[in-house]
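Trainee: In case you want the letters, here they are:
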Amino acid sequence: MNNSVTNTVRLLGAGLRALLVLTLVTGVIYPLVVTGIAQGLFGNKANGSEIKADGKVVGSSLIGQSYNLPLKKGQETPDPDLKWFQGRPANGLGANSVNTRYKLILSGATNLSADSKVLIKQVGDAKAAVIKDNSVPGYTVKPADVPADAVTSSGSGLDPAISPEYAELQVHRVAAKNGLPVDRVEKLVKDHTTGRTLGFIGEPRVNVLELNIALKDLVAKK
Amino acid sequence: MGPVLAGVLQLIALIGALALAYIPLGNYMAKVYSSRGHLRVEKWIYKAIGADPDTEMTWPAYLRGVLAFSAVSVLFLYLLQRLQGVLPGSLHFSAVNPAQSFNTAVSFVTNTNWQSYYGEQTMGHVVQTAGLAVQNFVSAAVGIAVAVALVRGFARSRTGELGNFWADLVRGTLRILVPGAAIAAVILVACGAIQNFSGIHEVGQFMGGSQQWNGGAVASQEAIKELGTNGGGYFNANSAHPFENPTPFTNLFEIFLILVIPFSLTRTFGVMVGSVKQGYAILATMFTIWLGFTALMMWTEFAHHGPALQAAGGAMEGKEVRFGVGGSSIFAVATTLTSTGAVDSFHSSFTGLGGGITMLSMMLGEITPGGTGSGLYGILIMAVIAVFIAGLMVGRTPEYLGKKIGGREMKLAACYILITPALVLVFTAASMALSTPPHSMLNSGAHGFSEVLYAFTSASNNNGSAFAGLNANTDWYNTMTGLAMLLGRFLPMVFVLALAGSLAEQKPVPVTAGTLRTEKPLFTGLLVGAILIITGLTYFPALALGPLAEGLAS
Numbered sequence: 000m001n002n003s004v005t006n007t008v009r010l011l012g013a014g015l016r017a018l019l020v021l022t023l024v025t026g027v028i029y030p031l032v033v034t035g036i037a038q039g040l041f042g043n044k045a046n047g048s049e050i051k052a053d054g055k056v057v058g059s060s061l062i063g064q065s066y067n068l069p070l071k072k073g074q075e076t077p078d079p080d081l082k083w084f085q086g087r088p089a090n091g092l093g094a095n096s097v098n099t100r101y102k103l104i105l106s107g108a109t110n111l112s113a114d115s116k117v118l119i120k121q122v123g124d125a126k127a128a129v130i131k132d133n134s135v136p137g138y139t140v141k142p143a144d145v146p147a148d149a150v151t152s153s154g155s156g157l158d159p160a161i162s163p164e165y166a167e168l169q170v171h172r173v174a175a176k177n178g179l180p181v182d183r184v185e186k187l188v189k190d191h192t193t194g195r196t197l198g199f200i201g202e203p204r205v206n207v208l209e210l211n212i213a214l215k216d217l218v219a220k221k
Numbered sequence: 000m001g002p003v004l005a006g007v008l009q010l011i012a013l014i015g016a017l018a019l020a021y022i023p024l025g026n027y028m029a030k031v032y033s034s035r036g037h038l039r040v041e042k043w044i045y046k047a048i049g050a051d052p053d054t055e056m057t058w059p060a061y062l063r064g065v066l067a068f069s070a071v072s073v074l075f076l077y078l079l080q081r082l083q084g085v086l087p088g089s090l091h092f093s094a095v096n097p098a099q100s101f102n103t104a105v106s107f108v109t110n111t112n113w114q115s116y117y118g119e120q121t122m123g124h125v126v127q128t129a130g131l132a133v134q135n136f137v138s139a140a141v142g143i144a145v146a147v148a149l150v151r152g153f154a155r156s157r158t159g160e161l162g163n164f165w166a167d168l169v170r171g172t173l174r175i176l177v178p179g180a181a182i183a184a185v186i187l188v189a190c191g192a193i194q195n196f197s198g199i200h201e202v203g204q205f206m207g208g209s210q211q212w213n214g215g216a217v218a219s220q221e222a223i224k225e226l227g228t229n230g231g232g233y234f235n236a237n238s239a240h241p242f243e244n245p246t247p248f249t250n251l252f253e254i255f256l257i258l259v260i261p262f263s264l265t266r267t268f269g270v271m272v273g274s275v276k277q278g279y280a281i282l283a284t285m286f287t288i289w290l291g292f293t294a295l296m297m298w299t300e301f302a303h304h305g306p307a308l309q310a311a312g313g314a315m316e317g318k319e320v321r322f323g324v325g326g327s328s329i330f331a332v333a334t335t336l337t338s339t340g341a342v343d344s345f346h347s348s349f350t351g352l353g354g355g356i357t358m359l360s361m362m363l364g365e366i367t368p369g370g371t372g373s374g375l376y377g378i379l380i381m382a383v384i385a386v387f388i389a390g391l392m393v394g395r396t397p398e399y400l401g402k403k404i405g406g407r408e409m410k411l412a413a414c415y416i417l418i419t420p421a422l423v424l425v426f427t428a429a430s431m432a433l434s435t436p437p438h439s440m441l442n443s444g445a446h447g448f449s450e451v452l453y454a455f456t457s458a459s460n461n462n463g464s465a466f467a468g469l470n471a472n473t474d475w476y477n478t479m480t481g482l483a484m485l486l487g488r489f490l491p492m493v494f495v496l497a498l499a500g501s502l503a504e505q506k507p508v509p510v511t512a513g514t515l516r517t518e519k520p521l522f523t524g525l526l527v528g529a530i531l532i533i534t535g536l537t538y539f540p541a542l543a544l545g546p547l548a549e550g551l552a553s
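Note that the protein sequences, when read in sequence, are chains A and B.
Numbers 0 to 221, taken from numbering that gives the first Met the number 0, label the letters of the first sequence in order.
Numbers 0 to 553, taken from numbering that gives the first Met the number 0, label the letters of the second sequence in order.
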């Protein structure tokens with residue numbers, strides 16, 4: 000009996016020492032070396048791909064933002080600022096939060112199912128809003144023109160991109176709100192459309208933040 | 000080019016990359032676990048552990064090593080979380096509560112990486128990097144070690160010796176996982192994944208005001224999270240978060256990392272048992288099921304049945320624009336057919352049938368190709384069962400790789416395949432029968448049941464992905480999924496190692512005209528059939544209540 004207790008203690012001791020040594024290797028040396036290489040070779044990327052406009056950091060090219068008007072009195076959700084290109088809905092962002100004490104950019108999805116009544120309503124409302132917001136005199140958006148990414152929330156709730164179809168759908172509205180010719184804004188979208196990597200990896204997309212920064216320049220030059 | 004064709008081309012490119020890695024990586028891993036020499040740093044580590052790496056272990060000794068190391072790991076990780084409030088580098092996060100600390104500790108030690116917490120709100124640098132990420136390495140190394148011990152059981156005869164656990168653990172970590180993860184991490188950073196220690200800080204926004212960012216050692220954790228088929232995300236959104244998975248290329252690269260070791264281990268197996276053709280037969284089985292499931296998933300997601308997805312005009316809920324439906328579908332199958340559980344899109348919002356495929360993938364026991372190591376030992380158990388069935392058909396004593404499959408071997412294999420279904424079904428039934436656990440469901444009806452079924456399938460099979468609508472951070476789910484993970488990881492290992500010991504003691508039987516040729520396509524067909532039928536019969540009633548009911552209704 001005593002013998003087996005001693006053996007067990009000895010074995011657990013060996014396990015603990017193994018864990019501590021491997022923690023040193025994989026939990027201290029490994030991340031520090033990778034951080035050193037990352038910071039040395041790809042400093043901007045390792046720090047979040049910050050993007051500047053007029054010399055000021057305005058976010059990350061990888062993280063989506065909202066482009067809303069200031070919250071009015073009595074409003075719970077702010078209205079979108081239709082001068083700017085809008086990103087995807089972010090109904091998941093914070094919705095599944097249990098703790099917002101730190102007010103982090105909590106990432107997450109809605110996790111609503113394909114037959115969820117809540118999701119059906121969200122999609123329907125989003126579609127109606129997209130049609131209403133983007134239909135301007137001389138240009139009417141048909142329900143069939145609205146792409147899926149315009150009315151659904153992403154996985155991270157931080158999707159930085161929209162489909163080229165959704166960007167094109169917003170061109171007339173953005174042009175009208177900013178007093179720009181439609182073809183200039185159309186060209187802007189084309190210039191900021193990224194195709195599939197190597198022609199087949201991923202989906203074509205438009206980075207909303209980069210597009211809006213370019214739009215701001217265009218408006219300033221006008 | 001349409002999105003369907005692009006998705007298919009991505010799949011083909013992925014297969015090509017895996018094929019290129021198969022022989023070199025498989026051979027290298029065989030060499031790692033067969034070589035007699037030790038690196039200098041390894042000798043130093045063995046000295047620190049106080050273990051002689053050249054001492055051969057019988058199966059009980061090997062198992063004791065596995066259990067001792069894992070028990071200490073659970074305790075260490077538990078304490079690290081409980082003490083977070085007083086540790087430096089904790090970003091002012093407080094200690095994690097006891098039930099959640101237990102759940103998370105078990106989750107990472109068992110290679111499950113089920114997360115009932117929100118990464119960016121709960122865990123500081125020290126716990127993430129020196130606690131969770133460490134288990135990403137060593138739990139994967141433990142899995143491979145047990146698989147290699149089983150392979151040695153087939154390869155050796157008239158001995159009870161299965162190798163040395165400490166040597167296998169250290170070699171797997173140092174020679175395979177650390178170099179692989181380091182290269183992968185640098186590639187991920189080059190594409191935009193973050194790697195810093197800036198903590199929580201404010202960054203300006205386009206419309207004014209600021210956004211709060213949580214910096215950390217993300218790329219280094221992301222790399223081993225995929226390579227070690229772990230799956231625990233730095234952030235709540237896991238691999239959907241742009242800082243973890245910034246581009247379409249990193250998405251495909253992460254899928255490659257998930258699959259490369261499990262597939263290549265069949266080569267290691269073939270080399271170690273002295274017939275690479277035996278490895279190909281197992282590979283063909285894994286590949287057939289994986290490809291079939293991926294094709295089914297792409298079909299159902301592109302078809303986007305389900306009223307909300309029909310209204311939206313595409314299955315983009317919970318998916319990122321840069322990955323699209325194709326990239327998300329390939330990722331979802333890869334992550335659930337292995338023990339990874341990382342997600343680049345949220346399975347709960349997939350079509351009913353798509354969600355069902357992710358569940359069925361886990362229910363197969365995560366053996367095609369399965370987790371690092373656990374996939375190989377799982378499918379070898381199924382191979383034993385398949386030769387037994389074939390033996391019954393022709394009335395011969397079954398044998399596999401020159402070893403007789405007798406009563407003792409069959410009992411061990413049968414126990415192995417009964418454990419996880421029992422855990423999944425009993426825990427799910429208990430959660431539905433009691434009054435409070437169903438309150439955690441986000442969705443109602445069939446989908447709500449699926450959330451609970453998914454949780455216990457994921458925990459018992461050590462996957463870790465979730466129908467994340469379920470609020471699993473309750474005492475019931477933290478404790479019960481914790482138990483499911485523990486039993487689902489270590490009980491099978493007991494039977495695997497016992498089987499390995501029993502096989503290693505046998506003397507080989509010579510191949511005769513009556514021997515079932517297990518390197519032939521006929522056997523691959525038999526094995527695919529056995530896997531699908533056994534799982535199908537076990538889980539069909541539960542699947543019918545959840546994803547099938549949802550999928551057929553739409």
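These aren't lab readings, by the way, just hints derived from the structure by calculation.
Here a beta-carbon is modelled for each residue, glycine too, at the ideal position from N, C-alpha and C.
One or more hints might be untrue.
Stretch by stretch, here's where chain A covers chain B in the computed footprint (C-beta under 8 Å, at least three residues) [to be verified]:
1. 189-196
2. 318-325
Footprint (simulated), chain A over chain B, 3 or more residues, beta carbon under 8 Å [what the hints assert, rightly or not]:
3. 149-155
4. 257-271
Trainee: Indicate, hint by hint, whether the structure satisfies it.
Mentor: A quick look at each hint next to the structure:
no. : hint    : result
1   : 189-196 : holds (count 8)
2   : 318-325 : holds (count 7)
3   : 149-155 : violated (count 0)
4   : 257-271 : violated (count 0)
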